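Q: Read off the chains here:
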Amino acid sequence: MANALKKRTPTMNNIPAEYGLVLSALLFVTGLIGVLARRNIIFILLSIEIMLNAAGLAFISAGSKWGQADGQVMFIFILVMAAAEVSVGLAIVLQLFHFLRTVNSDQTNTMRG
Amino acid sequence: MELLWLVPALPLMGFLILALAGKRISKPFVALIGAGSVALSALATLVVAVNFFSYQHAYTQTLWTWLEIGKFHSDIALAIDSLSVVMVLVITFVGFMIHLYATESMSAEEDGYSRFFAYMNLFIASMLLLVLADNLLLLYLGWEGVGLCSYLLIGFWYKDAVNSRAAMKAFIVTRVGDTAMALGLFILYQELGTLRISEILRLALSIWPSGSTIAVISSALLLGGAVGKSAQIPLHTWLPDAMAGPTPVSALIHAATMVTAGVYLIARMNLLFSLAPPVMIAVAVIGAATLLLAGISALVQSDIKRALAYSTMSQIGYMFLALGVGAWTAAIFHFMVHAFFKALLFLSAGVVIDSLHHERDMFKMGGLRHQLPLAFWCFLIGTASLSALPLITAGFYSKDFILWETLASDHGSIWLWAAGIAGALFTSAYAFRMVFLIFYGKERSETVHSITVQPGIRIKAPLIILAALALIAGFVQMPGTLGGLSLFSAFMSQSLPLTRTVLTAISETAMQYLSATISLLGIFIAYIFFLYNPNYIRHFVQKPLGFAVQCFLANGWNIDRLYDILFVRPFVFAARTNRHDIIDLFYQLIALLHRVANRALCASQSGNVRRYAFGIAVGAALILGMVVFK
Amino acid sequence: MITIFYISAAVAFISSILAISRSNAVHALLYTIVSLLAVALTFYLLGAPFAAALEVVIYAGAIMVLFVFVVMMISSGHGAVQQERKWLDSRIWLGPSVLSAILAIELLSVVLMQNEHVSSGSVVESKQVGMALLGPYMLGVELASLLLTAGLVGAYHIGKRIEKKDSDHE
Chain Z
1 MANALKKRTP TMNNIPAEYG LVLSALLFVT GLIGVLARRN IIFILLSIEI
51 MLNAAGLAFI SAGSKWGQAD GQVMFIFILV MAAAEVSVGL AIVLQLFHFL
101 RTVNSDQTNT MRG
Chain S
1 MELLWLVPAL PLMGFLILAL AGKRISKPFV ALIGAGSVAL SALATLVVAV
51 NFFSYQHAYT QTLWTWLEIG KFHSDIALAI DSLSVVMVLV ITFVGFMIHL
101 YATESMSAEE DGYSRFFAYM NLFIASMLLL VLADNLLLLY LGWEGVGLCS
151 YLLIGFWYKD AVNSRAAMKA FIVTRVGDTA MALGLFILYQ ELGTLRISEI
201 LRLALSIWPS GSTIAVISSA LLLGGAVGKS AQIPLHTWLP DAMAGPTPVS
251 ALIHAATMVT AGVYLIARMN LLFSLAPPVM IAVAVIGAAT LLLAGISALV
301 QSDIKRALAY STMSQIGYMF LALGVGAWTA AIFHFMVHAF FKALLFLSAG
351 VVIDSLHHER DMFKMGGLRH QLPLAFWCFL IGTASLSALP LITAGFYSKD
401 FILWETLASD HGSIWLWAAG IAGALFTSAY AFRMVFLIFY GKERSETVHS
451 ITVQPGIRIK APLIILAALA LIAGFVQMPG TLGGLSLFSA FMSQSLPLTR
501 TVLTAISETA MQYLSATISL LGIFIAYIFF LYNPNYIRHF VQKPLGFAVQ
551 CFLANGWNID RLYDILFVRP FVFAARTNRH DIIDLFYQLI ALLHRVANRA
601 LCASQSGNVR RYAFGIAVGA ALILGMVVFK
Chain W
1 MITIFYISAA VAFISSILAI SRSNAVHALL YTIVSLLAVA LTFYLLGAPF
51 AAALEVVIYA GAIMVLFVFV VMMISSGHGA VQQERKWLDS RIWLGPSVLS
101 AILAIELLSV VLMQNEHVSS GSVVESKQVG MALLGPYMLG VELASLLLTA
151 GLVGAYHIGK RIEKKDSDHE
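Each protein sequence line maps, in turn, to chains Z, S and W. Numbering-wise, the first sequence is residues 1 to 113 according to the numbering used here. Numbering-wise, the second sequence is residues 1 to 630 according to the numbering used here. Numbering-wise, the third sequence is residues 1 to 170 according to the numbering used here.
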């Protein structure tokens, strides 16, 4: 009986939202290092995915703190955006590779001046 | 009276026709338009004058509104009163005579014929606008117009660089005066709120006390403009060089009309000037100094036209002298008579010059009175009038009037009168010197044989008419001792105030005897030194001292050199040093900064994706930093 | 509960660092997937089970697999690994690390310098999320579907092979 009651009421988890935000910040910064340091386009895109994921984590933490669904909704939108971005981005990478025969991002510098 | 607008409009139309279509019109037709427009204008003037004589009150015809900016309002309005009537009559009639003369004397020109008459018509139109203007802004328009035409006509034969330089010199020197006058206009407008002449005089008389600083400043600035245009000291250096233009130009512009614009301005603004006694004194002193300086310089000139130019300067000095002592009517009377005999002198000199194929040096002429009888008699009559030969010439009456007023007026002084008398001595001396050098003495065979063409009717008629006027025009204003027929001053009293005379120790008759004796003495001196025994002079100038004196006087007392050292050289030096325009460096600096920034920004567009990402990251860090550590 | 959170957070962080520093593309991808899974667990611990499920299914399941496919198509084996090693010398980590450290300090100071007491969160059930999506955020859902369509069309069009002239015109 007590178990049934426990299932119905929303449970309180005791993980503070601030911890989630700290993790989000650290992951974001890690992704940023990856973007700035790597030359391979694929790796840059990968690091961007890490950053997006970190942003999503921040939203989830905020949603958890206030107890509202808006955090997860925002996360869903971020997910959708990441999916669209990855598909288009990788298509562009494929075309680049087809033309330049390399994945060195320093070679893609013709829009200069 | 409604025909008043035709008076300046007809020469203006002549100018437009000749300027736009002159090259395609045949020469006789050009002459017809050029001289005809002035003739029609003279006719219109006659009609207006007759009308004016019967009505005898001032009349203003407003044509249209010129400017209306905020509170500033200016019309194209022509005003006529007795002063304007006299001026306009002189300008149009003497102008017509000279145009007629020019149709024959300039007939040797090929392409320039229509250009010449276009400029001359524009000049007449501007001068008429100047004289008929109801407000000072329109007067200034005419003022600038005559300055422009003077430049164009002096440099008429522009292909010779000397003429162009003379034209530029005339324009630049008069520009100095014009700037002063413009400043005067600004001050008058700011203080009185209007530029209409009648209202300025009325307001100034009621608001400004006599001798107040503002009256002194504004009239001094107007005097600056008058001095420049009338070639008085210190802005006189351009007139002798202006003789580089054709003879009709010298006759019209630099003898009869434009150089008298300054006299007209002062006479028109007489109430304003009489509110500033220091300026009146300055006018008189400038007049006296100029008439002496120019008279002495004219004694040593060898070029006919330069001598006549100095003579003009000197006679306008007399007019300024009269204005300075408050003898307004006397000044205008002398202006009228001077216009007649000076135009006559220039035109006769033109006949001599053209007959001798552009020879201007008097020392190369001699004994021409048999070859050129008309020129001789006309020149003689003009010279007699210039020297104020007693009783028979018009010049006697006008100069006598001035000298009497200089002595007897309440602003006059004995020193000014003495200057005037000394000037009369010089005048008759240099005038008859010219007669003796050109027409008497030994004939030179080479000059005599080069006379081929005798003047035609278009030259003879103006000369005869002007000669007649130079003799009889004086009889309208005779001094009290000879009958007191004062038609002229009665007429002028409608617009000019009467001068108050104070009785003096020397009575009028004695003064007249004195001035008559002086002029005859001058003739005698000229006879002795230039006809009887020219060797006196020759020996004097061959000595070093004499040579130096002659050079000094002939160069206009070296004032040109003085101006060159004082003004021209520093200015040219400054202009050369500032060749690259130091002020411009500031703007170049701005452009340079932009270029540098552009290059820097271009360098940042490397196309390198990682660099861009780096930039974004740095920006994010900065902004967050601003938020966190604010 | 909190220890599990610490463990999964550590796994996520370390695997991210490993992911960005590998020379073999496939290795990096696998480490990324591990990081994503750890983050999914974190989501669940923070009381967002629906988000955790989505993270696993879509992010780690679809997007990363896409990455794997593309890497397979592009990387040419051993030569690529050599090239990556050549590009990754130690100098290159300095600048980004410094900048990122600055950014991390700023972010952490924003997060941690709150005067309030450390609070606990609550669980948000999927039912709540569903009601929010189909309620106030209806327009957002439609826009998201539009975005996906655009992504689909764009990816197809951009990824199309441009044939040479002498072959069939598509």
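Worth flagging that the hints you see were computed from the coordinates, not collected in a lab. Model, not experiment: these values are computed from the prediction. Just so it is clear, CB atoms sit at the ideal spot from N, CA and C, and this is done for glycine as well. Check the hints yourself; a few may be wrong.
Stretch by stretch, here's where chain S covers chain Z in the computed footprint (C-beta under 8 Å, at least three residues) [claimed, not checked]: (1) 32–44; (2) 103–110.
Calculated cross-link-like contacts (lysine to aspartate or glutamate; reagent style EDC-like; alpha-carbon spacing at most 16 Å) [said to hold, decoys possible]: (3) W/Lys86 x Z/Asp70; (4) Z/Lys65 x W/Asp89; (5) S/Lys364 x S/Asp354; (6) W/Lys127 x Z/Glu85.
Q: Check each numbered hint against the structure and report the violated ones by number, ascending.
A: 3, 4, 6
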